[in-house]
Amino acid sequence: MCIFVVSCVEIIFEVANLTTKKLNHGVIRKKKSAGFKSKPDKIIKLAKPSQKDVLQLGSYYRQGRFSDVLSFAEVLLQKFQPTDLVYNYYGLALEAQGDLKKAIQSYRKAILIDPNFADGHHNLALSLKSIGNIGAAIDGYAKAISINPEHFIAHNNLGNALCSIGKLEEAIKSYSKAIKVNPNFSEAYFNMGNVFRSLDLPKKAIKNYRIAVKKKPNFVEAHNYLGITLNLVGEIRAGIKELEQATKLKPDYAEAHNNLGKAFYYIGRIGDSLQKYNEALFYKGNYAEAYCNRATLFLYMGRDQDSIKDYKTALKIKPNYSEAYFGLGNAWNLIGEENKALVNYNKAIQFNPNHLSSKYMVASLTGKAVFSAPKEYVRDLFDNFAGKFDNSLIGKLNYKAPTQLMHMFANAFGQQIEKFSMAVDLGCGTGLAGKAFRKYARFMVGIDLSKNMIEKARKKKIYDELIVEDFSKVLGQRIRVFDLFICIDVFIYFGDLSEIFKLLRNRSRSLSVLAFSTEHSDKRSFTLSRFGRFSHSKNYIHSLIKEYGFELVSFRTENLRKEGKKWVKGDFYLARRTKNNFCIDSAMVA
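Going by the numbering used here, the sequence shown opens with residue 2, and the numbers climb by one from there.
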């Protein structure tokens with residue numbers, strides 16, 4: 002789904018430096034000849050332009066009067082001796098008008114006149130980077146810095162060039178040097194924040210964005226990216242505050258409105274989310290990402306046709322937009338148009354061959370053999386859904402599986418058991434199951450792929466330990482034995498459960514209990530539905546329970562949740578490890 006794809010174009014701040022170099026004026030040369038009285042010779046070099054003339058060029062440039070810069074510079078170049086300063090301003094004006102080729106020529110003339118003109122090397126490097134000549138740009142910035150080691154703008158822009166070719170650690174060093182020279186240079190903090198976000202180090206990114214807005218309170222892009230990153234780590238309310246500040250500073254900032262729409266969607270403020278997407282599209286009518294995000298919102302609201310319309314509009318604007326094709330496939334699939342869904346999932350794969358979620362959905366529609374959902378599909382699904390998860394499941398879908406299984410557990414065991422010493426909630430989500438079973442465990446671990454789900458669970462203070470990871474990896478690598486396993490609505494993302502049951506056996510002890518649910522199936526061992534969820538037959542689950550050293554304690558089939566107006570049936574199981582049947586197969590020590 003495209004709802005939580007960061008829709009803003011990545012911004013880096015590259016700063017052009019206007020020259021403040023002191024002017025030296027030309028003089029009339031005289032030559033002396035032995036035996037003759039000195040006489041004025043003819044002028045062999047024109048005078049340089051006055052300081053007033055060059056300052057006038059700078060004034061025109063700062064006012065955005067680029068045509069006036071060009072015309073006045075041409076007059077000065079004809080009337081006076083050419084100087085590095087005039088060529089520099091001439092290049093800056095040409096660059097501002099988009100004529101990079103001539104701008105580069107002008108900067109080259111400037112540094113030909115004065116090879117030690119640091120700003121000329123810097124501005125030449127900026128233009129070279131703009132035409133994609135990154136290597137030459139890096140050399141140019143390095144030359145400017147070698148001439149003037151305190152050229153903090155060149156350090157910053159060298160960092161940007163290094164960042165553009167993936168040399169992120171070197172980029173951080175350049176930004177740090179810029180900050181060392183000028184501790185108040187907010188743009189370098191912002192750019193360093195972007196690098197840390199790219200490295201998936203959100204806390205460091207947030208730290209740098211905060212410094213950027215502290216140094217420069219009206220730094221609108223820094224407020225926007227700070228808001229995005231706070232949202233990523235689950236600090237939604239703080240993120241919303243920053244995004245709202247961005248739109249306050251710049252009311253027509255479409256990207257910030259779009260990001261606010263995503264944040265409001267995440268926490269279930271559906272009306273506010275729709276309003277913000279509308280505002281984003283009002284200010285930027287060709288904003289494909291905002292159309293895609295609004296389409297996902299419409300799909301959640303049950304406005305299927307509006308959703309399809311917006312996805313199609315996004316694709317008209319951005320024909321290679323794989324996330325919009327995936328979303329459109331979901332919309333068609335939801336209303337039963339399986340062939341149209343398949344076409345769009347395949348389109349998503351065409352433009353992004355690594356789009357695993359689309360490949361998975363193609364398999365679910367075509368019956369292609371697949372044994373589990375891709376981790377990326379599950380993680381993204383729940384990262385995007387975490388904020389609305391509890392309300393949606395309990396409110397919209399009438400979901401009661403955790404309490405259903407807990408009551409079944411209480412009825413089966415009654416007062417026969419003491420608290421389990423070590424319980425684990427596999428695929429714990431926001432903690433619905435953990436809350437239901439907490440009273441039966443002295444120590445409880447929650448494991449989930451989705452960091453956003455884990456953050457929601459953490460705030461509820463249910464678990465003693467929370468782990469963001471694939472639970473099968475945790476069970477496979479840690480020497481830890483549990484006596485209660487809870488696994489509700491997790492097996493729907495796995496077809497073949499044999500490896501999971503093997504892990505459960507290896508991490509259990511005699512009389513350990515399994516409490517889990519599956520979607521009900523009367524067919525073969527397991528079946529993948531067109532919605533991308535697996536259902537499992539009772540016979541298949543019974544065979545696994547027996548094969549891996551457990552015995553069935555209790556079983557029942559009940560309504561699991563609503564899907565549209567119909568109920569989805571679920572199977573609820575309690576199984577117990579048989580006595581004196583304890584072994585661990587080649588466990589790896591983490």
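Rather than coming from a laboratory, the hints here were simulated on the basis of the structure. Glycine included, C-beta positions come from ideal geometry on N, C-alpha and C. Heads up, a few of these hints could be off.
What the hints assert, rightly or not - With beta-carbon atoms standing in for the labels, derived distance ranges: (1) 201 with 249: 27 to 33 Å; (2) 97 with 205: 32 to 38 Å; (3) 286 with 372: 40 to 46 Å; (4) 219 with 465: 31 to 37 Å; (5) 336 with 205: 29 to 35 Å; (6) 530 with 347: 35 to 41 Å; (7) 286 with 102: 28 to 34 Å; (8) 559 with 219: 53 to 59 Å; (9) 201 with 53: 50 to 56 Å; (10) 408 with 177: 55 to 61 Å.
What the hints assert, rightly or not - Simulated pairs of lysine-lysine, PhoX-like, Cα-Cα distance not exceeding 20 Å: (11) 452 with 376; (12) 580 with 401; (13) 440 with 474; (14) 216 with 204; (15) 249 with 285; (16) 341 with 317; (17) 539 with 503; (18) 420 with 539; (19) 341 with 310; (20) 462 with 436; (21) 461 with 440; (22) 204 with 369.
Please verify whether residue 452 and residue 376 have alpha carbons no more than 20 Å apart.
Cα-Cα ~13 Å, so holds.
Pair hint residue 204 and residue 369, alpha-carbon separation not exceeding 20 Å:
Between residue 204 and residue 369 the Cα gap is close to 41 Å, so the pair fails against 20 Å, i.e. violated.
Does the hinted range 55 to 61 Å hold for residue 408 and residue 177 at CB?
holds, 58 Å
Taking the CB of residue 201 and the CB of residue 53, does the distance hold inside 50 to 56 Å?
With a Cβ separation near 53 Å, residue 201 and residue 53 satisfy 50 to 56 Å, so the hint holds.
Is the straight-line distance between the alpha-carbon of residue 539 and that of residue 503 20 Å or less?
Distance of about 18 Å is within 20 Å: holds.
Holds or violated: residue 440 and residue 474, Cα atoms, limit 20 Å.
Violated: residue 440 and residue 474 sit about 27 Å apart, past 20 Å.
Can you confirm whether the C-alpha distance between residue 216 and residue 204 stays at or below 20 Å?
With Cα atoms ~19 Å apart, residue 216 and residue 204 stay inside 20 Å; holds.
Check whether the Cα positions of residue 580 and residue 401 lie no farther apart than 20 Å.
Judged against 20 Å, a Cα distance of about 32 Å means the pair is violated.
When you take the CB atoms of residue 559 and residue 219, is the distance between them in 53 to 59 Å?
Taking Cβ atoms as reference, residue 559 and residue 219 lie about 57 Å apart, which means the hint holds.
Given the hinted pair residue 341 and residue 310, is their Cα-Cα distance within 20 Å?
holds, 14 Å
Do the beta carbons of residue 286 and residue 102 sit within 28 to 34 Å of each other?
holds, 32 Å
For the hint 40 to 46 Å, verify it against the beta carbon of residue 286 and that of residue 372.
holds, 45 Å
Violated hints for the displayed structure, listed by number in ascending order: 4, 5, 6, 12, 13, 18, 22.
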